[in-house]
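Student: Spelled out, the chains give:
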Amino acid sequence: MNAQTKKIKILIAKPGLDGHDVGAKVVVRALIEAGFEVIYTGLRKSPEEIALAARDADVDVIGLSILSGSHLPICHDMKSEIEKYQLASKVWVIGGNIPKEDHDALLEIGVEGVFNTGSKLDDIIAFIREKVGERAS
Amino acid sequence: MNEQVKVDVRWNESGIEIKPLYTAEDVAATRIEEAGIPDGVGLPGQYPFTRGIHDMMYRKRPWTMRQYTGFGNAEDTNKRFKYLIETGNTGLNVAFDLPTQCGFDSDDPMAAGEVGRVGMAIDTLKDMEIAFEGIDIENVTVSLTINGTAAIMIAMYLAMAEKRGFDLKKMRGTCQNDILKEYVGRGTWIYPVDPSVRLVADTMEYCASEAPLYSPVSVCGYHIRESGATPVEEMAYGFCIARAYFDQVLKRGLDIDDFAYRMSFNFNIFGQLFEQICKFRAGRRLWAKIVKNEFGARNPKSMWLRMIAGGGGSGLTIEQPENNIVRGSYYALISALSGAQTVALCCYDEAYTIPSEKAQRISTRTMQILIEEMGMTDTVDPLAGSHYVETLTNQMESEMVRIMKEVDDDGGILKLISEGKIQSHVSKQAHDHQKDLEDGSFRKVGVNCFEIEQEDHAVEMHPYKREDADKQVERLNKVKADRDDAAVTLALDNLRAAANGSDNMMPAIMEAVKAYASVGEMNAVLVDVFGKYKEPVIF
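Order-wise, the sequence lines are chains A and B. In terms of our numbering, the first sequence is numbered consecutively and its last residue is 137. In terms of our numbering, the second sequence is numbered consecutively and its last residue is 539.
Next comes chain A alone, as it looks inside the complex (with noise of 0.2 Å):
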């Protein structure tokens, strides 16, 4: 066990102009009742917004959830404003309905963590730990 002093603290996002919000809204409370500090950020924030979110709250962890079928090209963006803003160090995450042959496309581009549609809330949480963990030891 890993003991945490400080409060692990996550922004959760929605990029793009995808609506869908219930799986957002949901591991936010999820996150939160976990004991993590959680940021939301609500609808239709532009990759540039989110990073810049991420650096002012000096958050861990970023979320995005993306159900639109567009998580490549956003993505790919996320990644240029990651590394404009340096927040590479922070672990990156994305949540929604996205297709297995996505993933390592995913994962090259720099997500750590994808969580299709229909993952365990506490596998979400048990990931997060896990990785926060290994940054900070």
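Incorrect hints may have been included.
[Stated by the list, open to error] Counterexamples of contact, computed for chain A against chain B with all Cβ distances above 12 Å:
#: 1; residue: 14
#: 2; residue: 18
#: 3; residue: 41
#: 4; residue: 84
#: 5; residue: 100
#: 6; residue: 106
#: 7; residue: 113
#: 8; residue: 123
#: 9; residue: 137
[Unchecked claim] Taking lysine-lysine pairs in the DSBU-like style, the calculated list, with each CA pair at most 30 Å apart, reads:
#: 10; chain 1: B; residue 1: 358; chain 2: A; residue 2: 79
#: 11; chain 1: B; residue 1: 421; chain 2: B; residue 2: 435
#: 12; chain 1: B; residue 1: 6; chain 2: B; residue 2: 435
#: 13; chain 1: A; residue 1: 120; chain 2: B; residue 2: 170
#: 14; chain 1: A; residue 1: 120; chain 2: B; residue 2: 421
#: 15; chain 1: B; residue 1: 289; chain 2: A; residue 2: 6
#: 16; chain 1: B; residue 1: 480; chain 2: B; residue 2: 289
#: 17; chain 1: B; residue 1: 428; chain 2: A; residue 2: 45
#: 18; chain 1: A; residue 1: 79; chain 2: B; residue 2: 471
#: 19; chain 1: B; residue 1: 358; chain 2: A; residue 2: 100
#: 20; chain 1: B; residue 1: 19; chain 2: A; residue 2: 45
[As the list claims (entries may be wrong)] To give an idea of the chain B side of the interface with chain A (calculated C-beta under 10 Å), a few residues:
#: 21; residue: 11
#: 22; residue: 44
#: 23; residue: 107
#: 24; residue: 110
#: 25; residue: 114
#: 26; residue: 137
#: 27; residue: 186
#: 28; residue: 228
#: 29; residue: 315
#: 30; residue: 351
#: 31; residue: 428
#: 32; residue: 482
#: 33; residue: 528
#: 34; residue: 531
#: 35; residue: 534
Rather than coming from a laboratory, the hints here were simulated on the basis of the structure. Each residue gets a CB set at the ideal place from its N, CA and C atoms; glycine is no exception.
Given chain A, work out where chain B should sit, using these hints.
Tutor: Showing chain B alone in chain A's frame:
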């Protein structure tokens, strides 16, 4: 020996306890009395329409089969429309891409990667003309699933019909145009709440005089349910929203019977079979009472809960997707037993992708099997008189009344949505539901029981073609090059003046549309005048 059999206690999703046995006593104990309604239920085609809004229902005409579709550009969608009509669909239900829904042109940087992805891209009237080319829109009724830019899309649709020589006075069709539910779920809002509701009222007022058979609004409990509402909340919130639109139109001096008869509704069909059926029967009766008693309508048609029942996306699973075909057929059965006017049935591959032609065909065939083989159109409201069904119908209605009163007591639906309270309430329930799914207390086949090792490529993915988006931008550029710029500028100035004032904005939108102003150009004017909605985020 008279040993009592011990049974477990069960509730439906609406929080009503379900007993192992119902008798006539239960019906009597839950009956909601109103003078002039024999046995509290009445006959089909008669107030309060518990059993259906028409006397003969499907015996006269089966429900309209209206599958939801649209992708790529107008040509692609036109082809799919024709395919659906060929397979036996009797109506069309148009999906728009997100830039169109959010007010961006296809060449806007905000549209990058999204053009034509989840629906058809529409920039100008030209696209609307292409999308419906060769389709007999007088007999195949068209439903436009759009909200944030609905006033513009209605104008484009009517302008297209007019150009083709149709008489707008006879033009049927529906637009979703329920912006209030977009703030709760689905999320394609643009402007703040007040001007958005004003736009909805503008379309209702405009259509009441110019296109009196067109349904400019379809109030959606559907998406509120998808966002986490219970079945009774879905109806209750939907009715609160419909009342809010009515109030706006009445303020303009119209009589309730001038427009209420064109109000349409959209409800969800996933969940337990009897609970869903009773939801529709109870909702139909309650809505009739509201319109008659609260609003003083005299025309029975104003009291009709005309509805599209459909989708059921949240009931489908990523796991063992073929099981979704089975779920879909139960959902279709629910619709048929509920007296829906129109059904848009979900497709088994929806948890993965935009439905394939094959998946669309299976959904259409599911409904055709009910009509052709199962005798589902033979008799009206066949479950009426069942002790269970009548009791549950009564109980569901009472619950809806209670929830509507709660909303009113808390300040009304406009206030609760503006403050994000409804959003927070339903999203909490969605979270609780997810936990119930994960700990197995809410059973879902293939998800938390009867699981199997998942296959990798269970469904065929809908391809996204960049070339379609490029073609769309090319066409927009060509339209812009060919149009009369002075006419566009003048029309946009007139739109700005209308938005700044208090007159109905629809005539100005019609003028702009006919001058081939783009969605993005018109939306920019309205954003400039109204500003943008700021989402309240509360947990």
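Student: None of the hints should be skipped; say for each whether it holds.
Tutor: So, going through the hints one by one against the coordinates:
| no. | hint | result |
| --- | --- | --- |
| 1 | 14 | violated (8 Å) |
| 2 | 18 | violated (7 Å) |
| 3 | 41 | violated (8 Å) |
| 4 | 84 | holds (16 Å) |
| 5 | 100 | violated (6 Å) |
| 6 | 106 | holds (14 Å) |
| 7 | 113 | holds (17 Å) |
| 8 | 123 | violated (10 Å) |
| 9 | 137 | holds (29 Å) |
| 10 | 358(B) - 79(A) | violated (37 Å) |
| 11 | 421(B) - 435(B) | holds (21 Å) |
| 12 | 6(B) - 435(B) | holds (28 Å) |
| 13 | 120(A) - 170(B) | violated (52 Å) |
| 14 | 120(A) - 421(B) | holds (27 Å) |
| 15 | 289(B) - 6(A) | violated (57 Å) |
| 16 | 480(B) - 289(B) | violated (50 Å) |
| 17 | 428(B) - 45(A) | holds (23 Å) |
| 18 | 79(A) - 471(B) | holds (28 Å) |
| 19 | 358(B) - 100(A) | holds (21 Å) |
| 20 | 19(B) - 45(A) | violated (48 Å) |
| 21 | 11 | violated (22 Å) |
| 22 | 44 | violated (36 Å) |
| 23 | 107 | violated (15 Å) |
| 24 | 110 | holds (7 Å) |
| 25 | 114 | holds (6 Å) |
| 26 | 137 | violated (28 Å) |
| 27 | 186 | holds (5 Å) |
| 28 | 228 | holds (7 Å) |
| 29 | 315 | violated (13 Å) |
| 30 | 351 | holds (6 Å) |
| 31 | 428 | holds (7 Å) |
| 32 | 482 | violated (28 Å) |
| 33 | 528 | violated (18 Å) |
| 34 | 531 | violated (15 Å) |
| 35 | 534 | holds (8 Å) |
Hints 1, 2, 3, 5, 8, 10, 13, 15, 16, 20, 21, 22, 23, 26, 29, 32, 33 and 34 from the earlier list are contradicted by this structure; the remaining hints agree with it.
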